[in-house]
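Trainee: Protein sequence lines correspond, in order, to chains A and B. Under numbering that gives the first Met the number 0, the final residue of the first sequence carries the number 184; numbering is consecutive throughout. Under numbering that gives the first Met the number 0, the final residue of the second sequence carries the number 309; numbering is consecutive throughout.
In short, the hints are calculated from the structure, not lab data. As the structure is a prediction and not an experimental result, all values here were calculated from the model. Beta carbons are placed, not taken as given, at the ideal position from N, Cα and C, and that holds for glycine. Careful: at least some of the hints might be erroneous.
Stated by the list, open to error - Below, computed lysine-lysine pairings styled on BS3-like, alpha-carbon distance capped at 27 Å:
1) Lys165/A x Lys222/B
2) Lys304/B x Lys282/B
3) Lys40/A x Lys8/A
4) Lys222/B x Lys160/B
5) Lys40/A x Lys205/B
6) Lys40/A x Lys222/B
7) Lys308/B x Lys282/B
8) Lys107/A x Lys165/A
9) Lys107/A x Lys117/A
Unchecked claim - On the chain B side, residues computed to face chain A include the following (Cβ under 7 Å):
10) Glu27
11) Ser48
12) Glu105
13) Val240
14) Asp284
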Amino acid sequence: MLKHDGLQKVFEANREALLRYLRAHGAGDATEDLLQELWLKAAGGISGPIASPRSYLFRAATNLMIDRRRSEAQQSRRERDWSDLSDRLPGSPANDPGPERLIDGRRKLDFVAAELAKLPPRALSIFREHRLGGRTQREIAAGLGLSASTIESDLRMVYRLLDDLKRRLDEEEPARLRHSGQETE
Amino acid sequence: MTESPHLREAALDWLVRTNDPDFDGWDEFTAWLEASPANSDAYHRAVASEAELLPLVEAIEAPVETPAKSSPDRRMGQRRLAAAASVAIFIAAATAVVVPRLTPVEHSTGPGDVRTIALGGQDQLVMNGGTRLALIGWDRRTVRIEQGQVLLRLRDADEGKVEVVSGDLHLIDVGTVFEVARNGTDTRVLVSEGAVVADPAGARLKIAAGQRLDTEDGAQTLKATATDVSSVGSFESGQLVYLDEPLANVVADLRRSTGIDFSADPSISGRRFSGTLSIREVKRDPQSLGPLLGVAIERSTQGWKLKGKG
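Take these sequences, add in the hints, and give me the full structure.
Mentor: Structure (structure tokens):
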């Protein structure tokens, strides 16, 4: 199909740049395989004309690396959790998921909601428009009559808060595990 | 975790830039990532933080006034249910109040018929052949599609919004031209002008001009994708235009438009087709479809069956 031919040309022309890009994301020895996977995904995912094929390919490469790094992180977390668990005796209080053991979904949601409420409302609504509504920064800037740099700094503020919250949530879990571990001694 | 504040700010800057659909500074970004493996670690850390918390941001209603009371997953389920329930209540309440006006008005077209229905003002609804629908609600601007394909041309700003219901999917127009096709429990929405909001009470997915949504009843997530929209409403002009369309959809469209019972062997229904089909030509000579679609075609007891070339 014509479309695929067009995309394939752009892919071939950017082969080296894409390899460099994947490597820069930490693809390592898997770089060549990932480039192959990238092509299959990019070619298979088309359902219409693409405005900017080069950006489309780099975007697909970014998503591929995000998925890959996420599954690597999950893998190492599973291994760590497993060794934490197997350190403990069966039936010990540490294996009982008591009410304060882990942050449950509801507390987490309440916590995040309370923190988000501290943000300037404009920053949060720009973030929602952008990340949930899929509007570009340029569209939002035009719609609100704001400069591009204002949009950027509002977005950065929300990303920073989300990263802070994630770190705080991550810190709470091991702290609780350690705490209950001491009790069993 | 041990990265410097400076590195984290740089990573957040890149996240802001690369998450913009318009971003095209890939070479510059590559150079930054290449400068140190710590850079890509910091970037992916920020990406993971956002990815993990975004569903929570989504679950919390804007503006953030009252923190939500249930876990995110349950909450999503409740919202989806809430969407269906509120419509049911609306219909029930309306029926009780003004019964005579509110009986749904049902329309159906035979195979191969195309009919235009006025929705008030200059707003039009065009039904393709083989379509059944009901106009409901107090102003009859809610269109419930049972089966088939419709084109909506909504240009009248003075009239209220039009809502389309296809199975459990609700769509609200935002001044627009769009097409909805329902086949069994699958729904396809193509937007050529303006925009449509899908699942307005829950996901609030905006389908903009140049995008499509393919979903089925009971689907938990909705995702719009880019598409070629020259085909929107093409059934009205006697042409069917496709770009990379699954053959199963093409066959369903042909059945509606020609009134001929075409079917596709499951082994080929996932294949994709790009091109233009003339409804008149296909009616005149069904076998001409074979070479056009690149499949074998043979007469079955009811109509015509498309198969892979043996």
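Trainee: Just to be careful, I want the Cα atoms of Lys40/A and Lys8/A compared with a cutoff of 27 Å; is the pair within it?
Mentor: Distance ~16 Å between Lys40/A and Lys8/A Cα, so the pair holds.
Trainee: Is the interface hint satisfied for Glu105/B? The criterion is a beta-carbon contact with chain A at less than 7 Å.
Mentor: This hint is violated: Glu105/B lies away from chain A, its Cβ roughly 33 Å from the closest one there, beyond 7 Å.
Trainee: Is it true that the CA of Lys40/A sits at most 27 Å from the CA of Lys222/B?
Mentor: holds, 17 Å
Trainee: Is Lys107/A within 27 Å of Lys165/A, Cα to Cα?
Mentor: Given that 27 Å is the threshold and the Cα spacing comes to 10 Å, the pair holds.
Trainee: Has the given pair, Lys40/A with Lys205/B, been kept, meaning a C-alpha gap of at most 27 Å?
Mentor: Distance of about 24 Å is within 27 Å: holds.
Trainee: Does the closest beta carbon of chain A sit nearer than 7 Å to the beta carbon of Glu27/B?
Mentor: Glu27/B check fails; min Cβ-Cβ to chain A is 11 Å, beyond 7 Å.
Trainee: For the pair we were handed, Lys107/A and Lys117/A, check the Cα-Cα distance against 27 Å.
Mentor: Within the cut-off at roughly 16 Å; holds.
Trainee: Against the 27 Å threshold, does the CA-CA distance of Lys304/B and Lys282/B hold or violate the hint?
Mentor: Distance of about 15 Å is within 27 Å: holds.
Trainee: May I ask you to test the interface hint for Asp284/B with respect to chain A, counting a Cβ-Cβ separation under 7 Å as satisfied?
Mentor: violated, 25 Å
Trainee: Is the straight-line distance between the alpha-carbon of Lys308/B and that of Lys282/B 27 Å or less?
Mentor: Holds: Lys308/B and Lys282/B sit about 22 Å apart, inside 27 Å.
Trainee: If you take the shortest Cβ to Cβ gap from Val240/B to chain A, is it below 7 Å?
Mentor: This hint is violated: Val240/B lies away from chain A, its Cβ roughly 12 Å from the closest one there, beyond 7 Å.
Trainee: Using Cβ atoms only, decide whether Ser48/B comes closer than 7 Å to chain A, and label the hint accordingly.
Mentor: Holds - the Cβ of Ser48/B comes within 7 Å of chain A, reaching about 4 Å at its closest.
In this structure, the hints that do not hold are numbers 10, 12, 13 and 14, in rising order.
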